[in-house]
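Asks: Now for the letters of each chain:
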Amino acid sequence: MSLGRQQLLIGVILLALGLILPALLPEYFIYLFNLLMMYLILAIGLDIVMGWSGQFAFAHIAFYGIGIYGTALLHMRLGVPFIVGMPLAALLAALIGYLIAVPATKLRTVYLALSTFAFAQCAAWVFRTWESLTKGPDGLRMTPTNLFGFEIVNDSQAMPVIAVILALVIAATLNLLHSKLGRDFFAVRDNENVALASGVDVKATKVWALTISAFYAGVAGGVYTLFQSYINPDNIDVTLLVLILSMVVVGGSGSLAGVSIGVVVLGVLPEVLRAAPKGLLIWQEFVYGLILMLAIIFSPKGIWGLFSRAKGKS
Amino acid sequence: MSVLLSLKGVTMRFGGLVALNGLDLDIQAGSIHALIGPNGAGKSTLLNCLSRFFTPQEGSMSFKGESLLNLQAHEVVKVGISRTFQNIEQFAQLSVYENVLVGLSSKEERYNPFLPGRVRAHVQAQSAEHAQEILQELDLWAFRDQPAGSLDFGRQKMLDFARALASRPQLLLLDEPAAGLRNREIEFLDSFLRRLVKEQGMSILLIEHVMQLVMAIADEITVLNFGEKIAHGLPREVQSNPMVIEAYLGKEVEHA
Amino acid sequence: MGLFNLILQGIISGVVTGCVYALVALSLVIVYKSTDVVNFAGGELVMIGAYIGLLLLMWLDWPYVFIFLITPVFTYALGLVFSRFALEKINRKKTSSNTVLVSFVIATIALSDMLKGIVRVIPFTEEVRRLPPLFSGPPIFLGDLVIQPQDIVIVVVASIVMLMLWLLFGYTLVGKALRATSQNERAASLIGIPVKSVKSAIWGLSATVAGIAGLLLAPKLLMTPDMGNMVMLAFAAAIIGGFSSLPGCVVGGILLGIVQNMVGIFISPQAIAVTPFFVIMLVLLIRPQGFFDKTLAYKKV
Amino acid sequence: MNMKMKLFKGLLMAFAGVFSVLSSAQTPGVTDKEIVIGLFAPLSGPLVSYGIDPLNAAKMIYEDVNSKGGINGRKIRLVIEDDKCTGNDLLGVAKKLITVDNVFILHGGSCTAAIAAAQEYIQREKVPFVMLNAAGDNAVFPPTRYMFGSFQGTQRVYGSALSEFAIKSLKAKRIAIIVHDDDYGKANLAAAKAVITRLGGEVVAEEKIPPNISDITAPVLNLRASKPDAILSGAYPAPAVLLAQKYGEFGMTNIPLLQSTQGMPTPSVYAKNVGNPDALKNLYHTWSFTDIAKEDVRERMLAMYKKSNPDREPGPFMVTGVPSALAVIDTLQRLGRDLTREKFVDAMEKLNLNSDLMTGPLQFSATRRDALRTVEVVKFDGKTQKVMPDYYTWNGKDGN
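Chains as they are written, first to last, in the working numbering: chain A, 1 to 314; chain B, 315 to 570; chain C, 571 to 871; chain D, 872 to 1271.
Next comes chain A alone, as it looks inside the complex (with noise of 0.2 Å):
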């Protein structure tokens, strides 16, 4: 199948989806579709830097944080449209991406991990003390998304939108797969002296995966607005970027297929155990752990890796 159908179908067969499950499930499911969603643009924005390029960078929740305060708050203090102000703040915090990037790039892995950290870090900290914009602590009550004069106040009226969103992701992400530029993300991921010798300009290469990981998680962060109703800079945190790199590595970075199933397990492995006796939950914390641990000591491809193995060998 060529690429340019295969993203047709993905787009077809996702607002399909957008528009029928909200009409058969309750609430919570679409809610629970919304949020995988939301998780899984961020899990892709996060697997191009570290699982496609190499690269550890740790400053994806900030970049996620800019996009949900920056669509928000051009929404609600300038008027602008979701459809304008989304792209705005992915671009603001694609553009934030680029100027961390083009320092922290040049450091060895170490630095670029701990830099990144750190801005994330300083970034939350900006969250939760520039009061006069983001309200700080008290957080932000977000008025309704307007989308082409309907507001969106509701799961189910947010879902198609998503989905919409969420298919031009994935249908640019294969794009930028089957490019020169995702070639080379590859190609310096695997040896980046080859990769220099071969003409790749290293540096150039990590700072776009850098920007476009920013510019997806400013995307995921304006997703945010559009199903919750509600931001506080407590729930921008580390757990968070746990759970979306756990996301990747349990699933199989460096493929779309692998993150999706990363997503979809972790997503809904929680929901899954709200079945368990009440006792057993205080476990959680551990498992998590677990299943990350023995995902990457077993299967460092996660478990689209397995199974593509297996499918090889057959």
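Since the hints were made in silico from the structure, they are not lab data. Hints are supplied without guarantee of correctness; some may be wrong.
Claimed, not checked - Example chain C residues on the side facing chain D (calculated, C-beta under 8 Å, incomplete):
{"hint": "1", "residue": "583"}
{"hint": "2", "residue": "658"}
{"hint": "3", "residue": "660"}
{"hint": "4", "residue": "661"}
{"hint": "5", "residue": "692"}
{"hint": "6", "residue": "696"}
{"hint": "7", "residue": "722"}
{"hint": "8", "residue": "726"}
{"hint": "9", "residue": "794"}
{"hint": "10", "residue": "796"}
{"hint": "11", "residue": "799"}
{"hint": "12", "residue": "803"}
C-beta: ideal position from N, C-alpha, C; glycine also.
Chain A is already provided as a structure; the job is to place chains B, C and D on it using the hints.
Replies: Just chains B, C and D now, with coordinates in the frame of chain A:
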């Protein structure tokens, strides 16, 4: 014959260690120039200087009259210099085919990821053809969809070759291409390198310990020891140079 | 209390906490130097050290000094096990040096979750806990200034550990093996150094230092399963030292302890939380190789 | 639009229609025999200590009422969930309980920020939400129709009570305040400042500290440099202990230290953690329950808990889960057999519950969603707790 690459007084120090000391070297267009010398003589350092991984503290390096010092590492391949690596190194998780495509990429237009799929297909068609030629020539076409890391040692070295050749370089820098290869493979290398020079007019700078290959194909040989040039000339002349024998060949000959 | 004394008191207290940050920074740096792994579970090793100490104290009717001495044995074992059963297995499956580093870091993040999770399961840890100080007595007054005997003990113990690490790395055969392994693994194994065991030993050693830091920190910082978050301070300290210099870590840690207090006094206590991150970004921007190391932080090719 | 699409749309409409008919047939979560209540709190993650025991305590109150025959002939059935104290999770739990389990009302939440994330949703779905044990400042101010909470007092109540106590009983004039730089700290500080200004005192220092502070020296030095007559603290357990330790070390023990409830879950553990008995000479804290003074109340609660949870030692915040459950039961009893969510809200608004457990009445009104405004101040010397004679009541204005 004209001089393709010219080095003058190249000096490279690491802290207190002098890896290259005022080295002069000319490579003629359309020739195979071998660089030999004991381990630690500075051969690989020179290659890394040429591919701009290192910047020498002193000296000049000019390729076709242009200074290499103005280029960044990733730009070297665009002016026509390509290299292989001593240890097997490639993009282990990319397929064999993709490895060659990365090697080709300096010749491709920078692809705009926002173009629709069909336009890209056209851009890539020419690249694909060239990649196929190279892979077929080096007997790797059958493995094109395997991850590069899963090939055996000899084929990985060939793949490194294929990647370096993909950019159609004028000057090919080879860092011990024959190391670890079996005799049959070395014979293939011998004829293949000759063909590159004869049919495509390529020039080659060859670092090699396998003397049988060096002596067979080199037009000129330069011998390095402790970062300095101790001999230079035709294979026959170098072979009989007492300084070379003392520094390097003597042991090597006995060993062989 | 005059401004001068205010500053002086801030410095004294900063030096004490700084010593502990320095210890944790050392535990991070020795692992990084020899195995290239950024240990994001460093803080959790500190935390687990403190809780092991507390549990031993509750179960065993021993004098605290003994418990102080045997707790690091447990964290040593933990580091060893992690290195053997996680990192080595990952290393064996590696496809390239770049991706294996990402895997290592993810493994330490997983370890950090597991350690936090396992401590959380004990109902006892729901509440804030504290270990007794190694030594307690009436505070020493120097005019307006107050110095706790416990603080002196912290500085002394931390200094002893630092000194021992320095001697170990610089002047013993083990240290030479460690350094050789960290510089060139292949060469080290060629001359007969058991690289795998050395690496595990380094992880054990790092965890030991972290455990000691936990025991020292628990009376001062109090214990919650989340106390490992202080690791960011240690990262900042290590960065000041270029992530490779042991004396750099010590100076970095102490500097950070003092800077935190100065920020609290002169800028705002609210800014204390962001200080280590700001320091990390600042140092990396202006002097990424740190202030103690000549080798470059830029990737060598 | 082509035929297929029309057909498809029609099908959808039919589906939606069936759904709405089914759900509007009767009040969700109420049958002849039972009332379904969705009960939730953090049962995993870093904040479990605020969740497990209070949730168990609420459960034991419901079980108690069931064992006595239920409410107006109906038994309470609970659907228990874990909200992890995060906005995303709590909102998910609320949506599950409402749209999948069809509960009558929601009862839960221990963290204000997480609860606030669900506020718009609750408002839209018109489902009553009774908070379990969050202080809830941001969720009850400004008041919204369906959200009720703050059964052990808001941060405003603590800040106000300690300020009034410091000025009236301790005759303090210069007061220093130390709080966290989050929503709780902000509310606590605002109320304290308003009360202090109103009563003619002076705020001499305002220290805002991060909840994960590791060296508290600088803020304590700042407090000391301001020469206060009393120090008000809104710190959480770990920083509260660090504060008391430093306060003791720096010889500030002549200055009364007034601690808000959240910093001292179990006074005995707090005392042990502080270590230095000197630092406990002049220590006071707020409390919303009468179980300190009344031994019978304390014993009754413990016995009930043991009966309901034989395997678990009740932790510090156990009792905080009780009053919200009492309020729900009282409201249901007053309502009689005819239950709708709107009627529940109207009845809840008229709540005026005097319980021997609480230091003040639990009240709501058309414009009020915070239940408890009266708390006591307790002096704690490291061994015994002594309840101060006066109760302190927030006036509903200070700090708003």
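Asks: None of the hints should be skipped; say for each whether it holds.
Replies: Here is how each hint holds up against the structure:
1. 583: 4 Å, holds
2. 658: 32 Å, violated
3. 660: 28 Å, violated
4. 661: Residue 661 of chain C check fails; min Cβ-Cβ to chain D is 32 Å, beyond 8 Å.
5. 692: 11 Å, violated
6. 696: 4 Å, holds
7. 722: With Cβ-Cβ at 13 Å, over 8 Å, it is violated.
8. 726: At 18 Å from the nearest chain D Cβ, residue 726 of chain C fails the 8 Å test, so the hint is violated.
9. 794: 6 Å, holds
10. 796: Holds, because the Cβ-Cβ distance from residue 796 of chain C to chain D comes to roughly 6 Å (cut-off 8 Å).
11. 799: Since the shortest Cβ distance to chain D is 5 Å, the answer is holds.
12. 803: 7 Å, holds
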